[in-house]
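Colleague: The residues making up each chain are set out below.
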Amino acid sequence: MDSQRIVEVKEFINNFLKTKYSKNDLVIDDDLDFLSSGIMSSLDFIEFISGVEKHFSIEFDFDNADPSEYSTILGIAKKIKG
Amino acid sequence: MVSSFGLISGFLNSFNNFPDHPALFVENRTYSYRMLYRMSTMIASTIKNIEENSKDIAAFLGYRSIGAFSSMLGILMAGKGYVPLNPNFPNERLAHIIDKTDVNVLVVSNECIDLLDELLSKTTRNLKIIILDTSNKKLSDSFCSVNINISDPADISFNFIPVDYEKIAYLLFTSGSTGEPKGVPITHANAKAYIDYTCDRYKFNETDRFSQTADMSFDLSILEIYPCFESASCLYCLPKSTVMLPAKFIRENQLTVWISVPSVGTFMDRMRLFKPGAFPSLRYCLFDGEPLLGSIAEKWRIAAVNAIVENLYGPTEATVAITDYRWEGEASLAQCKNGIVPIGRIFPEQLGIVIDENSKPVKAGTKGELCLSGSQLTKGYYNDPEKTAKSFIIIKETGDRLWYKTGDVVTQDENGCLYHLGRTDHQIKILGYRVELQEIDFILRKCSNEELATTIAWPVTGTNAEGVIAFIPSTCKLTESDLIEKCKVFLPAYMVPSQIIFIDNMPMSNNGKIDRIKLKNYIERQQNGFAKNC
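Order-wise, the sequence lines are chains Z and A. The numbering of the first sequence is the numbering used here, which starts it at 8 and goes up by one. The numbering of the second sequence is the numbering used here, which starts it at 631 and goes up by one.
Chain Z on its own, in the form it takes in the complex (with noise of 0.2 Å):
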């Protein structure tokens, strides 16, 4: 796994954590499931992955791809990777 790409991921999501919800001192580990765990809705989802889209220059297939293959930090990087 491309660790830096993973820092790059996890320093996304705190950003976006920390502007969503002024969640300063939230610690996610690399495979802590953003949504079974509660911590994003299904609209906090939609708009995280967007913003992840847009940040990383990428588009997503959700055609061919069930949502919690997108819900960790290491689900993320795996895709942006490949």
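These are calculated hints, taken from the structure and not from any lab test. Just to be clear, a hint being listed does not mean it is correct.
[Said to hold, decoys possible] Heads up, simulated DSS-like pairs for lysine-lysine below, C-alpha to C-alpha not over 25 Å straight-line:
1. Z:61 - A:878
2. Z:25 - A:1150
3. A:870 - Z:86
4. A:730 - A:1020
5. A:870 - Z:85
6. Z:85 - A:878
7. A:967 - A:1035
8. Z:25 - A:1107
None of these values were measured; they are calculated from a predicted model.
With chain Z fixed as given, assemble chain A onto it according to the hints.
Modeller: Coordinates of chain A only, in the frame set by chain Z:
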């Protein structure tokens, strides 16, 4: 032909005719009608055995799992109505529901066992608990436990007793403006009237595959579950995270009937999932729960090229839906008002009338409040004559018939087609859930100790909102995150404010009310300023 068991009759018929046909796909497993029947009868039989004083209703705690489905069916098989308790809601709210209702049995699905101690500590009712152990671990010594082998459930004999159709089939709680959820009891007669109409209209059959996206505490689940079981079709329960972007699930499972709140379409659109012909397996796409945008209906039509797309409307009090509108592409786009799809015509066997503020019927084309009557209508709120008297009225011109005032502002054209224009009160919809802003205000005032605490739905499209923003006088001693955490104790996630704005002087209108328009302008200014800074 089984017909005297109310809401469960259709399931029992399908079990008799197609016992080995798949009935339910949930948590990556498929269950046949026979398996689901066996699991449910085990629960029904346990309820009968442990209950000393028989009550008309029983509650279950479970979340779209095999345990939740078999609990729901088991309660109906025991001849009772069910009260679904959504484990995603705060325990305070669930305990309040239990205390308000006359239940003495609670069936708990094994995914919810960890919540039980806290829930029981908050309720004043003495409950008989049935733990549904589908994991085959010994889960609890203190409660009655039903061990179910989900791969091969035991076959027990069970005596069904015909139900009284005027008794409750299910009891759901919706947001109430006084800070307390309101109980809406739906009888077997109400539910059967709705399901019979629906099955007759769409002619579902045993080859259909239905989506299941709604929580069981939300009445959209009735449309998904019972017409499916009545038609011997298979119900595909989508994992929670898949509901918002279901393209892969629809294709992989070759779904033929898609049912959801319209917001799902908005999410799918944002992620580019509406490609022409993307969902050829779908025969029907049915939407209910909140206003449907014409642009989204058209995208569904183009993606689900073989499907009939319909917009349904109905408050919980009228059993899921009481009007329908079939989307016809270009012609329908021209019929939208403010970009919103018409809610269509009242079902042939049901009644609707539009009245003015003096409760007088209005002419076609005039704005007014929609009132409903007929066999799908509940007779009133559960143990709440005061709220019932407020919402159920007699309209002189129609004799002594009782009408339910929906609070929805509509117009009706010469052909009987209804157009939803807004609300008479502060009710909004968030992800299909009814939300009374006064209920959030009530909790917010309680948590902040600030009498002027107020919420604004934001951003809003028609009567749909993405969430709520709260305004609190800056004298409040709590921080934003403290207040949000406190609200979470009492309110389900979709009602918890996403942002709290502390304000020095709450704007007031001339008649002494909080000036909500000024608060909305404040949010707009703040967001524009934020956008510029970005």
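Colleague: The structure should be examined with respect to each hint, and the outcome stated for every one.
Modeller: To see whether the hints hold, each was checked on the structure:
The suggested pairing of residue 61 (chain Z) with residue 878 (chain A) holds, with an alpha-carbon distance near 23 Å, which does not exceed 25 Å. Straight-line distance between C-alpha atoms of residue 25 (chain Z) and residue 1150 (chain A) comes to about 24 Å, which keeps the hinted pair within the 25 Å bound. Our distance criterion of 25 Å between C-alpha atoms is met by residue 870 (chain A) and residue 86 (chain Z), whose separation comes to about 21 Å. Annotation: proposed proximity of residue 730 (chain A) to residue 1020 (chain A) holds, straight-line Cα distance about 20 Å (limit 25 Å).
Distance hint between residue 870 (chain A) and residue 85 (chain Z) is fulfilled; the C-alpha atoms sit about 22 Å from each other, no more than 25 Å. Restraint check for residue 85 (chain Z) and residue 878 (chain A): the C-alpha separation of about 19 Å stays at or below 25 Å, so the hint holds. For a cut-off of 25 Å, the pair hint linking residue 967 (chain A) to residue 1035 (chain A) stands: about 22 Å separates their Cα positions. Among the hinted pairs, residue 25 (chain Z) with residue 1107 (chain A) is consistent with the structure: their alpha-carbon atoms are about 22 Å apart, no more than 25 Å.
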